[in-house]
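Dock chain U against the given chain A, drawing on the hints supplied.
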Amino acid sequence: MEFTSAASVEEATALLVEYGTAAQILAGGTDVMLQQARGEISAGVLIHIGRIPGLVGITGNGSVRIGPLTTHRSLARSRLVLMTAPALAEAAATVGGWQTQAVGTIGGNVCNASPAADTAAPLLVAGASFELTGPRGTRTVVGDSFFIGRRQTARATDEILTAIVLPHHPERTGDAYLKVGRRSAMEVAVVGLAARLTLDVDGTVEGARIAACSVAPTPMRIAEAEEILQGSRMESEAIAAAGEALTRAVSPIDDARATAAYRTRVLPGLLARALGVAAARAERGVG
Amino acid sequence: MTVSVGRSVVRQDADPKVRGQAVFGVDFELSGSLHAVLVRSPIASGRIRSVETSSAAAVPGVRLVATAADAPRILSGLALADQPLFAGDVVRYEGEPIAAVVADTVTIARAAAARVVVDIEPLPVVASLSAAVAPGAPLVHADWSTYRPSPGLPDWPRHDNVVGEMRFDSGGVDDVFSTADVVIEDVYTADRQYQAYLEPKSATAVYEAGRYTIHAAHQYHFNVRDRTAAALGILPSRVRVIGHHMGGGFGAKLDVGLEPYAALLARLAGAPVKMVNDRVEDLLSCNSRENAIIRVRSGVTRNGRILAREFLVDMDAGAYAGDTVFLTSIALFVAEGPYSVDRTRVVARALYTNTAPTGAFRGVSGTYLYFALERHTDNLANALGMDRRDFRIRNAIDAGHTMLNGQVLEDSDLLRAAFDAIDEVAPWETLGRGPNRGVGIAATVWLTNPMPGAVTLRLEPDGSLGVVTGAAEIGTGAVALGVRQVAAEELGIDPDLVVLTMPDTDAHAYDGGAQGSRTTHIVGRAVQHAAAGLRERIFGQAAKLLDSGADELEITDGRVRMVSDPQRTVTLGQVAGAAMFDGGPIISSGSYATPAPKHDPDAATGLLFATFPTPTYHVHVAEVEVDPVTGRVTVLRYLVAQEVGRAINPAGVMGQIQGGVTQGLGYALWETLQIGDDGRYRQRSLEAYKLPIALDVPRVEAILLEHPADAGPYGAKGVAEPPIVPVAAAIANAVADATGGSIVRLPITPDDVLNALESSKE
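If you read the sequences in order, they're chains A and U. If you use this note's numbering, the first sequence corresponds to residues 63 to 349, in order. If you use this note's numbering, the second sequence corresponds to residues 205 to 966, in order.
Hints listed in this document are in silico derivations from the structure and should not be mistaken for laboratory results. Bear in mind the structure is a predicted one, so any value in this text is a computation, not a measurement. Incorrect hints may have been included.
Below, a list of computed lysine to any residue pairs in the SDA-like style, where the Cα atoms sit at most 25 Å apart [stated by the list, open to error]:
1. U/Lys221 - A/Gly159
2. U/Lys221 - A/Thr309
3. U/Lys802 - U/Asp786
4. U/Lys965 - A/Gly331
5. U/Lys221 - U/Arg483
6. U/Lys965 - A/Gly159
7. U/Lys965 - A/Gly305
Looking at chain A on its own, in the form it has when it is part of the complex (with noise of 0.2 Å):
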């Protein structure tokens, strides 16, 4: 296996169209190098992108633009991401321990894509968009359509992802993050529940966005249930109904971490917590 580092987006391109599949980026390696090592991946060559300028980074204009070597510990201490994205900062603060958050990144949690990436649900609800760049120049991937299948994103394999972009935060909105796991933390996992609520003035429900990660092949929203609470005002039987769609619309499997059952029974009451949490935070303002 060869190692390279790139020292600019253009350079890590041209490397990835010279080594065609053979390549595996490396960012902080916290996936990549645990794969390797169980021979789940075979890279002829990682391509290290860690030394790029500009790739790392939080900055917001109404919009929030996040390079994509933002460190899990950079998001979850973040101002603007605990003022605008809450979720976000949540999410990245229960990957792994303190030692993979110092070094994990939020671009190779994404483009890595696993079922359980904890940061993917908190971007769809936020309505995250994805640049890439790629020897084409450059694109942006709405939310939804970034995450194609287990493991699989719309990155092509000659493009590197160069910035997630949190649009215009609207007012009186709020999200949550929560997560299962069997401890309290170095945790992947069981279930986790992304919701943002956007609420009118009388608490009517102007916009719901719920995304689950660890319920199907990959992180997803849930249309079904977002449209049920759409307009209603968070009347218990509207969360109720949410939460047997929320049921409905996913997939999960049996593994060693849960039982499929398990994932399905806990989803509904974690709906309910998680709509609670962003319905405050929406009232207040923050998020």
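Frame of chain A, contents of chain U only:
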């Protein structure tokens, strides 16, 4: 006043361990060392058609590839001689060694091991306890009837897949059941638990002049010597085992691991050979705590007297008897627990399955036996409408209680003090209040292992005291604190002047290993015996220097002085120096083993472990909250009242209690090795195998009950093992209380909690 005992002295080995300077087994390497890895069976049961080693042997840097053909054709084992070094004809569990590759580096050895081609014809898999005793079950060992117990052990009842069976019957049990007002029957199950020590198993061996020297990080060096000798068919005196710092063992490093392989391969290769398990093979092949099924039935009177009890236990020994066959005896001592029962029947079986052999883990068998007993005790109290704590206290054993083996517990009223001590800190009726909250209580009697130990004390001219012993420091502080502080106390010197040795089976007398909380108790007693002789020589020598009678002297603060004239003194160092050419170095040796308590050896059949020496008494209380959405359990408070006799080092004892409870919480709530239908574990890494982390564990509130009796050094009894024993019981009782439902298996999963909540609503 003591100078050392009862003080939280700091460990001498803490600093080098924190700094990474301490040399552990995995760090130790002899110059010119080769590296070996094992080729292990990928399936749980099969007949070996062929083992093709030539392409592995051809890899540059490979020195040799060994198989069963290169090893002595010998079966051996801790209790029963049923296990070969390498599988030759059949494989009986996933991970069973089939071959070994010795190479210049670990990387080469691993790469070459992957090129050993093993052709195995799959055979039916006995993957569960029920499958092992099903009619027509395949035999894990077709030749079981030809096996013989290890030297020194009488044979015991066993047949087919039943590798051990212990039976006790007090008689008249069924008659008494028929007179009971209420009869309750429960069935409980518990999964396996991996010891999950920080340092994986390792061994380095060299063969020289007809003898093997093994460098080990082990709990029980003399057992490594004896078991390696048995596996290789040689005398124990041809094996020398040298100990190094070890990163935990928790029972998994009492039997041999890689040591006999390293020894054999070192001889075959003509060079030192080092072996270290990687974490996955360590987890898959470890002698974990056995899974079990426990059936408990009791008949009680309306006013709460326990008339009759039936206690039926099946334990999974795995593919070889290991030490699990001994553990059937533990059921005899837990069947009644610390409560009075009129008539009892106990049957405990160890069963062969096509799974990794199980073995000792802190609190052997007691964790799940007490889980079953104490869950059942809650059910009895609830069925009678009695308070669960009151029911226990009403039935608690009193002083002079006779156990089922005929052994009398003289001090068993200490248990009542433990109930009271917790109630003073956290009154029972104030705990577990509020929605989704619950409280659990469990009581335990546990033993201190009686195995022998020995020590030689050396007084040096610089005033230091050498403590020469084969006792192993497993990390608990049993040697680093317990033995050291007892030795310092005996001579009235600063504990920092005590110099401890590392175990060496050539240099030291026999030691029974770091097991069953024995080391401080047993070796501490040996130190006291040795110190008596040492003082005699010191006084004799000092009397000459001080021109006094030996009986006119006392030792204080590192000096010998005249009782009548305290200004006339001489230092201990001066005494040692003077003795050097007047009688020779001042040394003295002492030995100790706990005498077997009086008991009836014929009380039960198949009883390999007949007594429960130096008992201690324990009550644990847990307060929990369950999450009605996720089923997660949060432990809000955890209280321990533990009879310790005397805390030689209170901080060390508190550390053992916090650690034991933490390990017990892991067992109760997270840790499991589930066995698939193919006999393979479902949890195959420390990512899937959930150990508790700091955020999940409360600060344990421990109350040390001290009743210094004459049993231990300054009264000290075993302290390290008991704190894990009642934890699963207390937690399960608290979760059952919080949910209003039934908890019947370990670990308690979120699904179990949600099911319990739902069943209580119906």
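Holds or violated: U/Lys221 with A/Thr309, Cα cutoff 25 Å?
Answer violated: U/Lys221 to A/Thr309 is near 51 Å, above 25 Å.
Is the straight-line distance between the alpha-carbon of U/Lys802 and that of U/Asp786 25 Å or less?
violated (46 Å)
Is U/Lys965 within 25 Å of A/Gly159, Cα to Cα?
violated (38 Å)
Between U/Lys221 and A/Gly159, is the straight-line Cα distance small enough, at 25 Å or below?
holds (24 Å)
Holds or violated: are the alpha carbons of U/Lys221 and U/Arg483 at most 25 Å from each other?
Holds, at roughly 21 Å.
Given hint A/Gly331 paired with U/Lys965 - CA-CA distance at most 25 Å
holds (17 Å)
Would you check the hint for U/Lys965 and A/Gly305, treating anything up to 25 Å between C-alpha atoms as holding?
Holds, because 21 Å separates the two Cα atoms, which is no more than 25 Å.
Taken one by one, the earlier hints fail for this structure at numbers 2, 3, 6, listed in ascending order.
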